[in-house]
Amino acid sequence: GQSLEQPSEVTAVEGAIVQINCTYQTSGFYGLSWYQQHDGGAPTFLSYNALDGLEETGRFSSFLSRSDSYGYLLLQELQMKDSASYFCASTRDYQLIWGAGTKLIIKP
Amino acid sequence: EPEVTQTPSHQVTQMGQEVILRCVPISNHLYFYWYRQILGQKVEFLVSFYNNEISEKSEIFDDQFSVERPDGSNFTLKIRSTKLEDSAMYFCASSEASGDNEQFFGPGTRLTVL
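If you read the sequences in order, they're chains F and W.
Sequential numbering of the first sequence, starting at 1, is according to this note's numbering.
Sequential numbering of the second sequence, starting at 1001, is according to this note's numbering.
Simulated from the structure, these hints should not be mistaken for laboratory data.
From the three backbone atoms N, C-alpha and C, an ideal C-beta is built for every residue, glycine too.
Incorrect hints may have been included.
Okay, the calculated beta carbon distance ranges per label pair [to be verified]: (1) THR11/F with GLU1085/W: 25 to 35 Å; (2) LEU51/F with GLN1014/W: 44 to 54 Å; (3) GLU1059/W with THR11/F: 33 to 43 Å; (4) THR11/F with ASP1063/W: 40 to 50 Å; (5) THR57/F with GLU1096/W: 13 to 23 Å; (6) ASN1052/W with GLU77/F: 21 to 31 Å; (7) ASP68/F with ARG1080/W: 41 to 51 Å; (8) ASN1052/W with ILE17/F: 39 to 49 Å; (9) GLY15/F with ARG1080/W: 49 to 59 Å; (10) LEU1039/W with SER3/F: 14 to 24 Å.
Using the sequences and the hints, build the whole thing.
As structure tokens, this is what we get:
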């Protein structure tokens, strides 16, 4: 089967750094994407890793290890507006297979 | 900035009725997708569409569902006979290419089946 596992909820303090982990078991794996979704909103693309290593985009970084079937999203200098759900998704041909999402709660 | 649009934003229907959800993908994108998200749950893939035909579909996408690109801009999802469990947010997405490319999501249509 196809599955992605991520924590259901993570809590952090404004200004801090937080890491959201994702482990996956999917066939025909191309890469790992991360999407952000605010309550009531549409998912928006954050990053994509096709190769092992770290990809950095501003305050957000994403990491992939194919050998470990593992990736993470790192958010630095957390702001209140980062409060949202974060989904990892494996890309495979014509579809995204999604994890259940991690709700990030940020406290002042 | 180009964006995916969806109409209506909210659709209420009676069980057994047909509904058509509409999407206008980004104009230069070639791949189109429908996803659904039941309240509080994860996003689930329904179907992908390329070159005027279905590329891939999930087990959710049974005979009650169909997709169509009736003209050069619209992409529709039809549910023939709605069930209570079809109540969800339906997202349309589009991308320039398949596989590793970023998918752009529309704002969604909230379907409520009574």
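Structure-based check of each hint:
1. THR11/F with GLU1085/W: 25 to 35 Å: 32 Å, holds
2. LEU51/F with GLN1014/W: 44 to 54 Å: 50 Å, holds
3. GLU1059/W with THR11/F: 33 to 43 Å: 35 Å, holds
4. THR11/F with ASP1063/W: 40 to 50 Å: Holds, since THR11/F and ASP1063/W (Cβ atoms, about 44 Å apart) stay within the stated range.
5. THR57/F with GLU1096/W: 13 to 23 Å: 18 Å, holds
6. ASN1052/W with GLU77/F: 21 to 31 Å: Given about 46 Å between the Cβ atoms, the range is violated.
7. ASP68/F with ARG1080/W: 41 to 51 Å: This hint holds: roughly 44 Å between Cβ atoms.
8. ASN1052/W with ILE17/F: 39 to 49 Å: Hint holds: Cβ distance 46 Å, inside 39 to 49 Å.
9. GLY15/F with ARG1080/W: 49 to 59 Å: 51 Å, holds
10. LEU1039/W with SER3/F: 14 to 24 Å: 21 Å, holds
The structure is inconsistent with hint 6 alone, although it conforms to all the rest.
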